[in-house]
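Participant: Letter by letter, the chains look like this.
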Amino acid sequence: MINLTINDQQIEVKEGTTVLAAARQLKINIPTLCNHDDLCVAGNCRVCLVEQKGARTLIASCATPVFEGMEIHTNTLKVRNARKHVVELLLSEHRSDCTKCYKNQNCELQALANEFAFGDHILLSLVEGKSYDIDRSSPAFVKDDSKCIRCQRCVRTCFELQSVSAIAVANKGAHQKISSFHDKPMSHVVCTNCGQCVIRCPTGALVEKTCIDQVWDAIYDTDKHVVVQTAPAVRVALGEDLGYDPGERVTGKMVNALRQLGFDSVLDTDFSADLTIMEEGTELLGRLKKALVDGDHKISLPMFTSCSPGWIKFIEHKYPEFLPNLSTCKSPQQMFGALAKTYFASKRNIDPSKIVSVSIMPCTAKKFEADRPEMRASGFKDVDYVLTTRELAIMIKQAGIDFRNLKPANYDSIMGVSTGAAVIFGATGGVMEAALRTAYEIVTGRDVPFGNLNITPVRGMDGVKEATLKIEGCIDAWKFLEGIELKVAIAHGLVNANKIMRMVREGKAPYHFVEIMACPGGCIGGGGQPIPTNMEIRKKRIKAIYAEDENMAFRKSHENPEIISIYKEFLDEPNSHKSHELLHTHYVERDNY
Amino acid sequence: MENTGLNKVDLIFEKINNSEVLTKAFSMTREKIIQEMLDSGLKGRGGAGFPTGLKWKYTAAEKSDEKYVVCNADEGEPGTFKDREILERVSNKVHGGMAIAGKAIGAKKGIVYLRGEYRYLLPKLMTELDSFHKMIKEIGYDFNIEYCMGSGAYICGEESALFESIEGKRGEPRNKPPYPTASGVFHKPTSINNVETLVTAMMIMKHGSKDFTQYGTSDSRGSKVFSVSGDTPTPGIFELELGMTVQQFVNEFGDGDTKAVQVGGASGFCVPRKKFMETIIGFEGVPTGGSMKLFNSSRSMYNVLHNYLEFFTEESCGQCTPCRVGCQQLLLGVEMVKKSEVKSTYLNELIKLADTMKIAAKCGLGQSVGNAFKSIVGNFREEIIY
Chain A
390 MINLTINDQQ
400 IEVKEGTTVL
410 AAARQLKINI
420 PTLCNHDDLC
430 VAGNCRVCLV
440 EQKGARTLIA
450 SCATPVFEGM
460 EIHTNTLKVR
470 NARKHVVELL
480 LSEHRSDCTK
490 CYKNQNCELQ
500 ALANEFAFGD
510 HILLSLVEGK
520 SYDIDRSSPA
530 FVKDDSKCIR
540 CQRCVRTCFE
550 LQSVSAIAVA
560 NKGAHQKISS
570 FHDKPMSHVV
580 CTNCGQCVIR
590 CPTGALVEKT
600 CIDQVWDAIY
610 DTDKHVVVQT
620 APAVRVALGE
630 DLGYDPGERV
640 TGKMVNALRQ
650 LGFDSVLDTD
660 FSADLTIMEE
670 GTELLGRLKK
680 ALVDGDHKIS
690 LPMFTSCSPG
700 WIKFIEHKYP
710 EFLPNLSTCK
720 SPQQMFGALA
730 KTYFASKRNI
740 DPSKIVSVSI
750 MPCTAKKFEA
760 DRPEMRASGF
770 KDVDYVLTTR
780 ELAIMIKQAG
790 IDFRNLKPAN
800 YDSIMGVSTG
810 AAVIFGATGG
820 VMEAALRTAY
830 EIVTGRDVPF
840 GNLNITPVRG
850 MDGVKEATLK
860 IEGCIDAWKF
870 LEGIELKVAI
880 AHGLVNANKI
890 MRMVREGKAP
900 YHFVEIMACP
910 GGCIGGGGQP
920 IPTNMEIRKK
930 RIKAIYAEDE
940 NMAFRKSHEN
950 PEIISIYKEF
960 LDEPNSHKSH
970 ELLHTHYVER
980 DNY
Chain B
6 MENTGLNKVD
16 LIFEKINNSE
26 VLTKAFSMTR
36 EKIIQEMLDS
46 GLKGRGGAGF
56 PTGLKWKYTA
66 AEKSDEKYVV
76 CNADEGEPGT
86 FKDREILERV
96 SNKVHGGMAI
106 AGKAIGAKKG
116 IVYLRGEYRY
126 LLPKLMTELD
136 SFHKMIKEIG
146 YDFNIEYCMG
156 SGAYICGEES
166 ALFESIEGKR
176 GEPRNKPPYP
186 TASGVFHKPT
196 SINNVETLVT
206 AMMIMKHGSK
216 DFTQYGTSDS
226 RGSKVFSVSG
236 DTPTPGIFEL
246 ELGMTVQQFV
256 NEFGDGDTKA
266 VQVGGASGFC
276 VPRKKFMETI
286 IGFEGVPTGG
296 SMKLFNSSRS
306 MYNVLHNYLE
316 FFTEESCGQC
326 TPCRVGCQQL
336 LLGVEMVKKS
346 EVKSTYLNEL
356 IKLADTMKIA
366 AKCGLGQSVG
376 NAFKSIVGNF
386 REEIIY
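If you read the sequences in order, they're chains A and B. Mapped onto our numbering, the consecutive letters of the first sequence carry residue numbers 390 to 982. Mapped onto our numbering, the consecutive letters of the second sequence carry residue numbers 6 to 391.
In case anyone wonders, no lab produced these hints; they're calculated from the structure. Treat the hints with care, since some could be wrong.
Calculated pairs, EDC-like style, for lysine to aspartate or glutamate (alpha carbon to alpha carbon, straight line, at most 20 Å) [as the list claims (entries may be wrong)]: (1) B:Lys348 - A:Asp509; (2) B:Lys68 - A:Glu477; (3) B:Lys357 - A:Glu440; (4) A:Lys467 - B:Glu67; (5) B:Lys113 - B:Asp44; (6) B:Lys357 - A:Glu477.
Here are some chain B residues the structure puts well away from chain A; computed CB gaps all over 10 Å [said to hold, decoys possible]: (7) Gly111; (8) Tyr123; (9) Pro327; (10) Cys332; (11) Gly338; (12) Glu354; (13) Ala366; (14) Gln372.
Beta carbons are placed, not taken as given, at the ideal position from N, Cα and C, and that holds for glycine.
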């Protein structure tokens, strides 16, 4: 243990603790900017400078480990002057058109400016008269270099959390910037559109490409029937942008708010998550049968989940030789989209050309997914607009809805009923757990052998999780699986996906089924979720997801009455010809740069 | 003994029997070598002036399966060209100095990080390195040196950026601590020394620390190689005893009309004529890595300053705010003052900013931009404004 004083207060901390962490233990606030709890230390922005007795210069508290007898002062004249200078310097290279900025009021630089550099600025503007590239090439986000303050959070995110490195630091000095391979547009590089950089950008340099106005236009168009679907992870995070603490579930209020916004049918992605389990579970059992009984060596195992569009683009770029291992199932968003303009339209007797299909997603990559040319199975664009959780919160605020006092409401029927198995799609391990709940019962006729259906080995925040489930007491049709140890693995965050993919490439992955989510924590930590997102907040959202699951009347996808109906009335059976037409897809190989 | 005048010395380029000096050094214990270096009072010749003996002592004290000696040959300070001359003429002594450092700290590997623009030296250096490796094998000592090429970034002369560059990464300074002695190249304990420092170490081994301390002053022991340029009839490389005043220097090298001397390059200090007498060249006065640039009255000090600021604006790695943005602000600021688009008192604000850069920047580059800025603006304010 190390003893030091900060602002004359004694504290004892573990060796290796930074000055910043020690100060936080004392509840002394030191402003930061480039620092992010999910990322390695950078020490770039110099906002967190403090005075260390005896040191020639000020020190960056985020990057300096404590030592015995250290004396720190966080608010001396020297510190204040330097901090004000640093914030002013950042502002001088930042295009401060705050009232026009998408991040207005939700900008860390703006907050620092309000605190330390209000009033007259002495330094000259370095952005005035300069032209900057605004890269709007990605359907998921916009990159505006004139707002960039080079904190490199995005670069660290893309490298450390996602092992993608679509963006990196280019050039030096005044010309330094965050750029892509050969300065290509973001739509033409290895970027997965995961949006993890977007939720960590402290300014408006990286923001989602919003389609709020287009959705309003559709809502106001009386000729259109606007259908909205909401992803599982939105309901446990939306509250954060509307004044609630992290981890509050606002499902019923959200449904009510959507109706008040003017959506004609308020439906649930959870329905199509249940459908995904039916399709994907059947696909897995089919692959196992072909591999184990028929001895077909061409069958690709392990099978990978395909719900996460960031992950899909990652494997298309980085491991295209394993595309046959991907489940052919579309994601729940796209299954929903394909059905909204076919099944739903015919059941409700609505002309599908008049349906505008909107989804609310915790994700920026979903915007890219909806734009994929494969996603037009209905004969139309299956999902017209994708809004992030944040965009929905903005719309609710724009409409002046008193969210806190809304009465909870229920989803509309036909594609609005779901189970607990669907809601846990939002957390890492959730798809696996939902699939096992159903597949095990199909094969054995019994519940999975875990208390209260909670398959705890696949839960939690470890980057890579492994579990083995011994299949015993199979019913006759599945006797070939008797005694088999089903090996599964789960990875979240593409850096962990990369670990698994390396094992697969080296032939060292013994798994049958692997769930991969592009974002840390799964969809609850998605790039479209409220800002900030960090480990503590991810854990709270996950806790809420499991609470939502336990509260549901049905907790297994195959028990969802609407799922039973849709197979009876429309799809025949999982993996049927019709299912393949509407609910399954294919993938494309992409360049690795 | 204190220095009394401008004494030319011939130590660095002195012809010696390399093998003899090394045999002598390798017969000494690590502790004895380090003690000799401490006794010599040698301070790093790259400009920062950290005591070489201490650096070796700290690195020697680290426990690690691997340690490195890195020779910093990324000579990029404007107006410095003495390391090039040393490498051209006595590279065997550079290699020898590295081997002695290796013996002192317990390293078997050495890396020379060579400035990109010096690539043309490489064929000759490789031949000389081959014979060095043969010679050291004959003595029965195990030490291997490799060359690593820089690519033209000034910042890669900063030790931790240099390590990053060797490791194949973007050359950006690291956060310190940890210091290189504990975690340097490949995150192993590393002693990183300037070309000239290593040669000087070799010569201390030959002549003994006592001989070395005969030269220079108590703060600045020994002699050093100066790169003399600018308005001088005799530009070039000169090895001089430390401790002279700028006046003594100007008497020797000036053209009779010297109005200022920039000591230590762009990151150093500008000494105006009125301070020539009182300013000692050395760690007690203005330190220098060797760059000595003379300016006569035909020179505009605005142009000099503008040139330095353009240099820093270009050569900052761009990582930390005070340096990346601060350099641009200083440059734009003096331009606007010159054009009378802001009041001349804006220079006072820029001086405050330069003071902040000195204590807020991440590495030596950003911290030293204020040296030239303040000393030029402070002494030649009229030339900046009008």
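Participant: Which of the listed hints are not met by the structure?
Facilitator: 2, 4, 5, 9, 10, 11, 12, 13, 14
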